[in-house]
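Starting from the known structure of chain A, fit chain B onto it as the hints suggest.
Protein chains: 2
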Amino acid sequence: MKGCLYAIGTGPGSSDLITVRAARLLARLDVLYAPAGKRGGDSLALSIVREYLGAQVEIRERHFPMSTHGDEKETLWDQVAEELRQDVESGLQVGFVTLGDAMLFSTWVFLLERLQGRIPMEVIPGVTSFACISARAQFPLAMEQQSLAIVSCTASEAALEQALRQHECVVLMKVYGRFGRVRDLLGRLGLLPHALLMAEASLPTEQCFRQLHEVDGELSLPYFSTILVNKQWLAAPVEEVA
Amino acid sequence: MKGCLYAIGTGPGSSDLITVRAARLLARLDVLYAPAGKRGGDSLALSIVREYLGAQVEIRERHFPMSTHGDEKETLWDQVAEELRQDVESGLQVGFVTLGDAMLFSTWVFLLERLQGRIPMEVIPGVTSFACISARAQFPLAMEQQSLAIVSCTASEAALEQALRQHECVVLMKVYGRFGRVRDLLGRLGLLPHALLMAEASLPTEQCFRQLHEVDGELSLPYFSTILVNKQWLAAPVEEVA
Numbered sequence: 002m003k004g005c006l007y008a009i010g011t012g013p014g015s016s017d018l019i020t021v022r023a024a025r026l027l028a029r030l031d032v033l034y035a036p037a038g039k040r041g042g043d044s045l046a047l048s049i050v051r052e053y054l055g056a057q058v059e060i061r062e063r064h065f066p067m068s069t070h071g072d073e074k075e076t077l078w079d080q081v082a083e084e085l086r087q088d089v090e091s092g093l094q095v096g097f098v099t100l101g102d103a104m105l106f107s108t109w110v111f112l113l114e115r116l117q118g119r120i121p122m123e124v125i126p127g128v129t130s131f132a133c134i135s136a137r138a139q140f141p142l143a144m145e146q147q148s149l150a151i152v153s154c155t156a157s158e159a160a161l162e163q164a165l166r167q168h169e170c171v172v173l174m175k176v177y178g179r180f181g182r183v184r185d186l187l188g189r190l191g192l193l194p195h196a197l198l199m200a201e202a203s204l205p206t207e208q209c210f211r212q213l214h215e216v217d218g219e220l221s222l223p224y225f226s227t228i229l230v231n232k233q234w235l236a237a238p239v240e241e242v243a
Numbered sequence: 002m003k004g005c006l007y008a009i010g011t012g013p014g015s016s017d018l019i020t021v022r023a024a025r026l027l028a029r030l031d032v033l034y035a036p037a038g039k040r041g042g043d044s045l046a047l048s049i050v051r052e053y054l055g056a057q058v059e060i061r062e063r064h065f066p067m068s069t070h071g072d073e074k075e076t077l078w079d080q081v082a083e084e085l086r087q088d089v090e091s092g093l094q095v096g097f098v099t100l101g102d103a104m105l106f107s108t109w110v111f112l113l114e115r116l117q118g119r120i121p122m123e124v125i126p127g128v129t130s131f132a133c134i135s136a137r138a139q140f141p142l143a144m145e146q147q148s149l150a151i152v153s154c155t156a157s158e159a160a161l162e163q164a165l166r167q168h169e170c171v172v173l174m175k176v177y178g179r180f181g182r183v184r185d186l187l188g189r190l191g192l193l194p195h196a197l198l199m200a201e202a203s204l205p206t207e208q209c210f211r212q213l214h215e216v217d218g219e220l221s222l223p224y225f226s227t228i229l230v231n232k233q234w235l236a237a238p239v240e241e242v243a
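Quick mapping for you: the protein sequence lines, in order, are chains A and B.
The numbers in my numbering rise by one with no breaks, and the one at position 217 of the first sequence is 218.
The numbers in my numbering rise by one with no breaks, and the one at position 128 of the second sequence is 129.
Derived from the structure by calculation, the hints contain no laboratory data.
Among the hints, erroneous ones may be present.
Each pair may be met inside one copy or between any two copies, as identical chains are not told apart.
[What the hints assert, rightly or not] Here are the simulated lysine-lysine pairs, DSS-like style, with alpha carbons at most 27 Å apart:
| id | residue 1 | residue 2 |
| --- | --- | --- |
| 1 | 232 | 175 |
| 2 | 74 | 232 |
| 3 | 74 | 175 |
| 4 | 3 | 175 |
| 5 | 74 | 3 |
| 6 | 39 | 175 |
Given the structure is predicted, the values throughout are model-derived calculations rather than measurements.
Next comes chain A alone, as it looks inside the complex (with noise of 0.2 Å):
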C-alpha cells in the first residue's frame, strides 16, 4: 500500500462536528501528529479526534510554532515536514490535525509550502470556527448580495474599520485582550446593534454576548473568541423557546 500524508480538519471543538471522512480516516491511519499539549494533557485538537482513532494509530505530538517567521521555527518545520515525508515514503498512512478547517489560518499550511508536489497528500476541508458561532448563535455569517470579510483584530484599527464599512458581514477573529477597541470602534460606526461576541462555540465553556453596549470593556476573554457582525440582522437576545 502506498502511503498518504492527510491533513485534517477538525472542525471547531465539538467531536462530532468533524466529517464523516475525517472519522473514517482516523480509524484506519498508522500515525497522527498532532500538537503538543499543555502539561501534559491532550491538545484540543487530539482531544476533538481521540474517539475516533484506531487501537494501530501511533500519536506522535509535536511542539508545532505558531508562525513561520524566524530561522528556529523555520528549522523546526523543515524537521516536521522531513518526518512526515519519511513516514510517508515508508509506506505509512499518516494524519495531522488542524483546528478548524486546514487551509484558513493553519499553521497546515506551513507544511504544505514544504511538501506539496513531493509526496501524495489529500486535505479533508473541515468547518470553521465562524460556522459554529454563526450557527450557535442563529446569527447568519451572510446572506444572498451581501459580501463577508474575515479579519484578524490583529490588523491596524484603519484596515478593521475598512472592512467594517465596505462589507455588509463581517468576522472579526482573534478578539483576545483587544475586545475594548474593537467594541469602540463598533460603536462608533453605529454597528453594536448588529454584532455579537462569541467564545469557545461548541465547547463546554462557550459564551455568547450580544449586547456588546453592556459589556466591560476589560472583559477577560477566551483565547477563541470571535465578533460576527451583520448589517442586515439584529444581535438583540433570542427568546429561547425550551
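Using the frame of chain A, we list chain B on its own:
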C-alpha cells in the same frame, strides 16, 4: 418527546463531507424537508444525505425559491415556515437540508427569520464550498496575517475590484456566466498567477483550471463555479505524486 427543527448544512457535495453530528441526526429524524429536484430526481442536497436517513424518515420535497423578493416568494416561504412550525409543535423531529453551510448564502435564513424564537431549533454547521475547493486544489484560502473577502460575481465590477485590491485573499463565488469579465479584471490587477477556478468541487464532475490566462473567456461553466485568489500563493499546476 419535544419537537425540534434542525437546519442541516450538507457540506459541498460529497456525502462523506457532512459532519458526524448531521449523520447521526439524519438517522433519527421523523421528517426531512428538502428542495425539490429537477425532472423527478433528487436535489443535490437530498442526494448528499440520502444514505444517512433512517427508514422512518418521511421526505417532503418542496419548491424553495432562491430569493425572498416578491410577494409570491414571500408567500411560499411563509407557507413552508408554517408547515415546519406545525410539525415541530406536534412533537416531530424535523430536518431541513441546505447545501454547504446553513448560515452562509443559504435560503435557510428566510426560514430562520420567520421561525426564530417561536419553536425550538438547532443549526448544524457545514463545510463550505470554498473550504472544499481550497482543500481539493491544495491552495490556501488565507494564511495568518492575511484577510479574506468572500464576494459574489453578481456584485458590480467596482465592488469586485475593491475587494481584490484590499484583501490578500478573495473567494469569488457565482462565476457562472461571468468568467470572461472576471478573468479580465484579474488580469488587469496582475492577479492571474495567484488565481484558480474550480467547478463542482468534491463531485465526480469536478474541474480545476490553474492557468486562467490560457482559458477561453467564453468557457461554459457549471452553476457551482468559484475562483480563489491568494496573493501569497502561486496557482501553477502542482506536479501530482501518484
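Each hint, compared with the structure:
1. When the C-alpha separation of residue 232 and residue 175 is checked against a cutoff of 27 Å, the pair qualifies both within a copy, at 21 Å, and between copies, at 22 Å.
2. For the identical chains of this complex, residue 74 and residue 232 are inter-copy neighbours only, at 23 Å across copies versus 40 Å inside a copy, given an alpha-carbon limit of 27 Å.
3. For a Cα distance limit of 27 Å, the shortest separation of residue 74 from residue 175 inside one copy, 22 Å, qualifies, whereas the shortest one across copies, 39 Å, does not.
4. Taking CA atoms no more than 27 Å apart as the test, residue 3 paired with residue 175 passes in neither setting, with 40 Å inside one copy and 38 Å between copies.
5. For the identical chains of this complex, residue 74 and residue 3 are neighbours neither inside a copy (30 Å) nor across copies (53 Å), given an alpha-carbon limit of 27 Å.
6. For the identical chains of this complex, residue 39 and residue 175 are intra-copy neighbours only, at 20 Å inside a copy versus 43 Å across copies, given an alpha-carbon limit of 27 Å.
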